[in-house]
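Q: Just so you know, the sequences run in chain order A and B.
Residues 0 to 171 in numbering that gives the first Met the number 0 are what the first sequence lists, from first letter to last.
Residues 0 to 109 in numbering that gives the first Met the number 0 are what the second sequence lists, from first letter to last.
Think of the hints as simulated: they come from the structure by calculation, not from any bench.
This structure is a prediction, so every number in the text was calculated from the model and none was measured.
A few of these clues could be false.
[As the list claims (entries may be wrong)] Counterexamples of contact, computed for chain A against chain B with all Cβ distances above 10 Å:
1. Gly29
2. Ala94
3. Leu168
[As the list claims (entries may be wrong)] Restraint-style ranges between C-beta atoms, simulated for each label pair:
4. A:Phe35 <-> B:Asp21: 44 to 54 Å
5. B:Leu9 <-> A:Asn104: 28 to 38 Å
6. B:Pro19 <-> A:Gly51: 25 to 35 Å
7. B:Thr58 <-> A:Cys60: 22 to 32 Å
8. B:His18 <-> A:Glu7: 27 to 37 Å
Think of the CB as a built atom: it goes at the ideal place given N, C-alpha and C, for glycine as much as any other residue.
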Amino acid sequence: MLSLTPAERRAWVEAMLRELDFIGLDQKHGDWAALFWALGCTGAIFRECLRGLGAWLLKQCANLLGIRPSEEGNKMNSTGKKTLGVLTGIGIALAFGVVMFLLRNVIADMLLAFGVQRSTWSHILSVILPTELIVIGAAILLWRRQRAAVAIGLLVPAALMGAHVVVFLASR
Amino acid sequence: MKLKLSPQTLLILEAFLDHPADWKYGYDLSRSTGLKSGTLYPILMRLADRKLLETAWETSGPDNLGKPPRHMYRFTPEGMQFAREQRQSRAASSVGSPVLNEAQNLWGLG
Numbered sequence: 000m001l002s003l004t005p006a007e008r009r010a011w012v013e014a015m016l017r018e019l020d021f022i023g024l025d026q027k028h029g030d031w032a033a034l035f036w037a038l039g040c041t042g043a044i045f046r047e048c049l050r051g052l053g054a055w056l057l058k059q060c061a062n063l064l065g066i067r068p069s070e071e072g073n074k075m076n077s078t079g080k081k082t083l084g085v086l087t088g089i090g091i092a093l094a095f096g097v098v099m100f101l102l103r104n105v106i107a108d109m110l111l112a113f114g115v116q117r118s119t120w121s122h123i124l125s126v127i128l129p130t131e132l133i134v135i136g137a138a139i140l141l142w143r144r145q146r147a148a149v150a151i152g153l154l155v156p157a158a159l160m161g162a163h164v165v166v167f168l169a170s171r
Numbered sequence: 000m001k002l003k004l005s006p007q008t009l010l011i012l013e014a015f016l017d018h019p020a021d022w023k024y025g026y027d028l029s030r031s032t033g034l035k036s037g038t039l040y041p042i043l044m045r046l047a048d049r050k051l052l053e054t055a056w057e058t059s060g061p062d063n064l065g066k067p068p069r070h071m072y073r074f075t076p077e078g079m080q081f082a083r084e085q086r087q088s089r090a091a092s093s094v095g096s097p098v099l100n101e102a103q104n105l106w107g108l109g
């Protein structure tokens with residue numbers, strides 16, 4: 000685990016391990032306390048690794064898009080952050096949409112097992128509507144957690160898909 | 000200073016404020032705040048990243064001869080000031096609550 004940790008977090012992983020040694024040496028705390036401590040630390044290290052990976056990916060995206068970090072604190076300026084947030088949201092929504100699109104035949108077969116024939120409405124109600132609801136729900140949650148940019152990014156493909164369905168139904 | 004002050008972060012700040020000059024260990028903080036290691040360490044990392052906490056490795060002395068050194072934490076002067084300001088602002092914001100509760104009881108709104 001130590002070797003997988005980002006270099007700037009190695010001291011913290013060492014710190015957690017040393018603390019674990021101390022809990023292990025001290026008989027009164029017990030093995031269960033040491034086990035739960037180790038599990039908690041493993042989760043924390045894993046999240047830090049993911050956070051490091053996310054930061055690296057964002058940096059690469061920013062480099063690709065030509066968004067420069069602001070001078071102070073080596074952090075991206077707010078416009079750059081918002082742009083990346085919106086693009087991340089669009090990417091997540093599109094990826095989720097593609098997954099649901101690939102699963103459409105599996106869902107149709109499952110519905111067929113329940114006696115629901117494949118039709119335009121079954122496709123809309125079993126694939127498009129749940130996808131839209133999940134994306135909108137995720138956007139509301141993100142909005143509440145002050146991630147408005149990502150939420151807007153999620154809503155853009157959802158709105159386009161919704162408009163596409165409305166136009167399709169209206170044209171029929 | 001922009002820092003997400005979750006209830007867990009506030010617990011840790013309070014734990015450090017009890018004896019601000021003393022070094023504290025991770026497991027002791029976990030026991031005093033009731034936070035699990037998976038919650039405690041990410042918060043300690045953020046506080047240290049923002050220079051609110053300073054960290055050090057325990058030096059070996061006669062008491063801990065042969066034991067592995069432990070990581071210790073305590074407030075930086077900025078951290079102490081930040082925690083005190085947070086405590087004051089929370090105390091100020093909660094001053095109105097008893098009065099509000101009393102008024103609600105009087106008007107039968109409670």
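Q: Next step is simple, just say for each hint if it's right about the structure.
A: Status of the hints after comparison with the structure:
no.	hint	in the structure
1	Gly29	holds (13 Å)
2	Ala94	holds (27 Å)
3	Leu168	holds (44 Å)
4	A:Phe35 <-> B:Asp21: 44 to 54 Å	violated (26 Å)
5	B:Leu9 <-> A:Asn104: 28 to 38 Å	violated (51 Å)
6	B:Pro19 <-> A:Gly51: 25 to 35 Å	holds (31 Å)
7	B:Thr58 <-> A:Cys60: 22 to 32 Å	violated (44 Å)
8	B:His18 <-> A:Glu7: 27 to 37 Å	holds (29 Å)
Consistency with the previously given hints fails for numbers 4, 5, 7, ordered from lowest to highest.
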